[in-house]
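Chain by chain, the residues:
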Amino acid sequence: MPVPYTKLVIEHFKHPHNVGEIKNADVKATEGSPACGDMLTLYLKVDPKTREIKDIKFQSFGCASNIATGSIITDIAKGKKIEDAAKITWKDAADALGGLPPVKVHCSVLAADALHSAVEIYMEKNGLIKEHKPTTKEIIMAKLKHVMNPLTGIDIVKSSLIKDILIKDGIITITVDLPEDHQFAGNIKEEIIERLEYLWDVKKVKVNFSE
Amino acid sequence: MKVYLDNAASTRVDKRVVDAMIPFFTEKYAVPSSQFAHAYGIEAKDAVDGARTLISKKLGGKFPEEIIFTSGGTESNNLAAIGVAFANAEKGKHLITMQTEHNSVLNPFKRLEKEGFEVTYLPVDKDGIVNIDTLRKSIRDDTTLVSIQYGNHETGTVQNIKDIAKVVKEKGALFHTDAAIAWPYLPIDAYKWGIDLITLSPHKFHGPKGIGILFVKKGTKIEKIMNGGYNEFNLRPGTENVPAIIGAKKAIEIFSQKDVAYIASLKKRLLNDIKTNIKDIEINGSMEHSSPHILNLTFKYVEGEAVSLRLDFEGIAVITGSACYSRNLQASYILMAMGREHEQAHGSIRFSLSKYNTEEEIDYTVQKTEEVIKSLRELSPLGKEDRE
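Chains as they are written, first to last, in this note's numbering: chain A, 1 to 211; chain B, 212 to 599.
Please keep in mind that the hints were generated in silico from the structure rather than gathered at the bench.
These numbers were taken from a predicted model, which means no experiment stands behind them.
Hints should not be assumed to be uniformly reliable.
[What the hints assert, rightly or not] Computed from the model, here is a short list of chain A residues facing chain B with C-beta under 7 angstroms:
{"id": "1", "residue": "Q59"}
{"id": "2", "residue": "C63"}
{"id": "3", "residue": "G153"}
{"id": "4", "residue": "G186"}
{"id": "5", "residue": "F209"}
[Said to hold, decoys possible] Below 30 angstroms or equal to it, Euclidean Cα-Cα: the simulated DSBU-like pairs (lysine-lysine) are:
{"id": "6", "chain 1": "A", "residue 1": "K14", "chain 2": "B", "residue 2": "K486"}
{"id": "7", "chain 1": "B", "residue 1": "K273", "chain 2": "B", "residue 2": "K302"}
{"id": "8", "chain 1": "B", "residue 1": "K325", "chain 2": "A", "residue 2": "K163"}
{"id": "9", "chain 1": "A", "residue 1": "K14", "chain 2": "B", "residue 2": "K585"}
{"id": "10", "chain 1": "A", "residue 1": "K23", "chain 2": "B", "residue 2": "K585"}
{"id": "11", "chain 1": "B", "residue 1": "K490", "chain 2": "A", "residue 2": "K14"}
{"id": "12", "chain 1": "A", "residue 1": "K206", "chain 2": "B", "residue 2": "K585"}
{"id": "13", "chain 1": "A", "residue 1": "K57", "chain 2": "B", "residue 2": "K585"}
For glycine and all other residues, C-beta sits at the position ideal for the given N, C-alpha and C.
Pulled out of the complex, with its shape left as it was, chain A reads as follows:
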């Protein structure tokens, strides 16, 4: 096989599990990646007593790794308690697939994000409403852990690419330690903005490059 995917990725891509729509779902969450244009919708049906995920399905407007990750992450989450499902990470999914090429890691992030969103919405709906906290550097760092450097497949926080974070009057300025003409500069910038601009107290996100 000339494609840079594991056998497992190909298998899940060819015959994805848990595909489709749950008509009377408790939650539906959609995540889209501005970086590659992929989109993934996830449906959850939760047992209100045991809080176990009874049914989980997904739909994908995405590439092979997106479809494969949607397939495996729904496999992993099925039957789990909702609060345990929240702990499943993109890395768990990627590992379960036997790894993904670095440039494709951001697709697995998308499937994990959809799962986390769905869980969050479910928890909010069912009385576990979190209060809106003001956006801090810590919150921003946590969000940026989902932005991948496509060259390495490692997130930009872990790879110490965040040089500076400035929060002032609802405007967040992020300085990324990469040259502006880096192969993935445009891509990383778009992802950062997407991860932060929806926060309730954020008006604008600016991304600067250090070189």
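Knowing the structure of chain A, use the given hints to seat chain B on it.
Coordinates of chain B only, in the frame set by chain A:
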């Protein structure tokens, strides 16, 4: 069944081309520069001159020395852009090109911007066609070079380079066209049309890789961009790739317009049958002004890398303009310049044909494409309302 539909990337080398090349590896391996030293050199020189003469004639040139051999289309485009810009810098430092050019044109121009040149990147319309009036208005007294691609590598859209050349000549600038995709599928007539520089790429029409051609009309002010010896009329140093030059000559010699008509009929069949069998498709590029061998379609609600991989499982080779597939994770800049949405680029597939494809292969491709699109659309959260 194996169906290769990525001929805009590269083509199968014709057996006759390989046969013509082989003696130049094993028997006639001297270089033309040795012409004054020995008979082997003369033999090589004669062979290369023969190639120049033939290619010059086919392009509507007047002199064999107007043909410069390079390492490929990329080098030809670099030589044209950078070589002409610097050689004419005293006259002016303004250059014009188009947003949908190949990277081997765009990136030399970007480099020239860093060197103090000013570059205008002309927009295109929804079919990918540049407006000639806009071009005319963009040419200034200090414009030295206009470079407009003949046929686009991704969509097949063809520019009216005959009229473009006329406008450029009226305004007194030099005109270069990257014809790597279009020629010899479409005609060119260098002197009659007023074209100063032409880039050609023989591996796009069953010739070998590692050889490019730059036609440089006699009298065109251009300087070398690589330093070395005095080969190629002191414009392109380096040992002549004699076997590849002979291969290029052969590919040009045997290229047949009958094949072009055949390829065009395959493209028509492919498009019509896909249109009949698959809903919600869009054509990217002009149908009226188009290379006979390239068809670019968007299949709505599905992603291109997924489509191309699934087709690959069925033995069919195509490529996509999806960001997911690209090396910088950005959607095709060509489709974006044509005003397409990110979503449309996401599901774009390029089919590119050659004389070696058969009707049977096209029918198989249509059938498999229908199956793959249907299966992926069932997975997709989009377009359900439209389809029901």
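For each hint, the structure was consulted:
1. Q59: 4 angstroms, holds
2. C63: Holds - the Cβ of A/C63 comes within 7 angstroms of chain B, reaching about 4 angstroms at its closest.
3. G153: Violated. Min distance 12 angstroms.
4. G186: 6 angstroms, holds
5. F209: Since the shortest Cβ distance to chain B is 15 angstroms, the answer is violated.
6. A/K14 to B/K486: 25 angstroms, holds
7. B/K273 to B/K302: 26 angstroms, holds
8. B/K325 to A/K163: 27 angstroms, holds
9. A/K14 to B/K585: 13 angstroms, holds
10. A/K23 to B/K585: Holds: A/K23 and B/K585 sit about 21 angstroms apart, inside 30 angstroms.
11. B/K490 to A/K14: Roughly 22 angstroms between the alpha carbons, so the hint for B/K490 and A/K14 holds.
12. A/K206 to B/K585: Violated. A/K206 to B/K585 sits at ~41 angstroms, over the 30 angstroms cutoff.
13. A/K57 to B/K585: Holds, at roughly 19 angstroms.
Of the numbered hints given earlier, the model fails hints 3, 5, 12; all others are met.
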